[in-house]
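Work the whole structure out from these sequences, hints included.
Here are the chains, one letter per residue:
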Amino acid sequence: MLSDGQGTLAAMLISPTLIVIFLVVGIPIAMTIRDSFYTKSNKVDPTTGLLSNKEHFVGLQNFTNALTSQLGTVPGEWGNLPRLVNAFLNNMYFTVVCVVIETVLGVAMALIMSKAFRGRGIVRAAILVPWAIPTIVSAKMWWLIFQASGVANRILGHTYLWLGDSASSQAAVIIADTWKTAPFIGLLTLAGLQTIPAEVYEAAKVDGANAWQTFVRITLPMVKPSLVVAVLFRTLDTMRMFDLPYGMIGPHKYYVETLSMFAYDEANNLRYGPAAAYSILLFLLIVIVAFLFIKLLGAELITDDEVLALRAQRKRQKAMHKRAKAMPTITSGESAV
Amino acid sequence: MSAATVTVNENVQGGLTRAELEELQRPRHKGRETVGMVAGIVGMALIVLYCIIPFYWMTISAFRLPSDGMSTAFWPSPASIENFKGAFQPKNNFTRALLNSVIVASITTALTLLFGIIAAYALARLRFRMKGLVLAIIIGCSMFPGITLLIPLLKLFTGYYSWFPNWMNTYQAMIVPDLSFGLPLAVWNLTAFFKQLPVELEQAAMVDGCTPGVAFRKVILPLAAPGVFTTAIITFIAVWNEYMIALTFGVKPTMKTATVALSQFTGTTNFDTPFGSIMAAGVIVTVPLLVVVLLFQRRIVGGLTAGGVK
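Here the protein sequences line up with chains C and Y, keeping their order.
Residues 126 to 462 in our numbering are what the first sequence lists, from first letter to last.
Residues 372 to 681 in our numbering are what the second sequence lists, from first letter to last.
Calculated from the structure, these hints are not laboratory results.
It is possible that part of the hints are untrue.
Unchecked claim - Just the calculated beta-carbon pair ranges, DEER-fashion:
| id | chain 1 | residue 1 | chain 2 | residue 2 | range |
| --- | --- | --- | --- | --- | --- |
| 1 | Y | Gly407 | C | Arg436 | 42 to 48 Å |
| 2 | C | Glu425 | Y | Gly530 | 40 to 46 Å |
| 3 | Y | Val406 | C | Leu148 | 58 to 64 Å |
Where a beta carbon is used, it is the ideal one built from N, C-alpha and C, also for glycine.
So this is what it looks like as structure tokens:
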């Protein structure tokens, strides 16, 4: 830290960014929340005889209509369900399956890279390739690979209809997503692995730990902070997935339709109210998942020393207050003296 | 120790038999180490293949003849650049789309750096109240689902409200929403970079009579140039790769970005999908990024891991 009492300077330096964030994030969120409680009426205006274009307040109707079968159902992996429920289940399915596979593959990649003495540069270069490719380009790339007469089926020796609307198309999305992001988890995990001092491993060896014990008792706990953050970001990224299923399988394919795709489609059909409602649901879902990650898995996103110190100080003060309350006689006795 | 070796005295040295000495001198676990090394090399090769093969497939598919679009041969024969010509045929507007992408990504990157550098400096160096809150807001924005912002902005930019101009098919309609993820990304990365610079540098400058502002401009900024450069690359790539916002607000053929344009290439008829030119366009969109990323890979990996985001 430079010195204390630089609040004014800090405010001057940070306010432009906060104003931009307020304009491009804050206001749109407020508008989305407002819109999610409104809908366009389809009634005929009695004075003009035309279809009324006015919005009116409908409370939670946008949400409840979509959750019940009011708006009809769509056929997907999970049976005939309301489109919102179907999209929600797809979202959850993709998130869990993709993130689990990506984490396992990513950690494996990181372990291999950390053991290597030579060729690490080549591998690191290769790992950046999937990261740098635009998602929509990777969607089109896999779309070619997964064509009915494409190379994937040629290698597998069986004609799967990957790009139809089926369980195979879910697999196709999962494969393409895993390809693009597992290396990225590997990269972040490798950075975590490299901070583990060699002495710890030597000590474990002296104590007679085998490879599995070393991995479970040393590597995993010590790499956990960076891994949890990487997994959190991947989870949130998968939850808002849009480009990949949209570009590879296409819109209105209910086996792969995610909440983002559904809300996008509704907005493009000018049903802003319901679209806003569905995107708010996705937003809440993401908030809940991020909260769980931070509370349950201890994902430490903000690692600023000062903020951490302040947080610790607040905790200590709280503990002191508690103790003071628990022993009122002693404190009062002391103050009397 | 067997009874036979104990009796043969010349074979014993310091209480150990020659056989035991040899056993001790032999490098341990030689076999296991070799296996480990081979496994490592195989593992590395697998990672490289895993990352490269799909991209290889896209590239060779781009170099086939357009009529071989669905070929599954592992080498284009004959090789041709017809698909690249196809990607640039006038009806695709691909040249214009590339230009649009460059404009949107450059302006967004410039703006994020302009705002991000000063904010990140304050976050890395100055002590002030509510810092935790500011950091939380910034990291929160980078977790945000883009669709939640897109819906009200679509309403706004299509002229739904009389007080707001129609922004459809304009650059600002893409740049403004792109800031929502570009700015947090840049601030987060830059903060990590500024923190790596020793604070003594500014303290020395300030002892020499510089104000914090001058110390920042004359001492920190030149030293942080590599960090700023890396952040610029990472932000540029993030915006260049963006799809959903560009798809929504650039609808006119002349206002599409490269990612949107290539996803909407059409063949000469409805039944003829231009696989080849889509792959060629994919290669064109990706290769400049790959070149930059590979040239600066060390820095970019450092930036990605320091920022811990995206």
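Taking the hints in turn, this is what the structure says about them:
1. Y:Gly407 x C:Arg436: 42 to 48 Å: holds, 43 Å
2. C:Glu425 x Y:Gly530: 40 to 46 Å: Check passed, 45 Å falls within 40 to 46 Å.
3. Y:Val406 x C:Leu148: 58 to 64 Å: Once the Cβ atoms are compared, 59 Å apart, the range 58 to 64 Å for Leu148 (chain C) and Val406 (chain Y) holds.
Hint violations for this structure: none, all hints satisfied.
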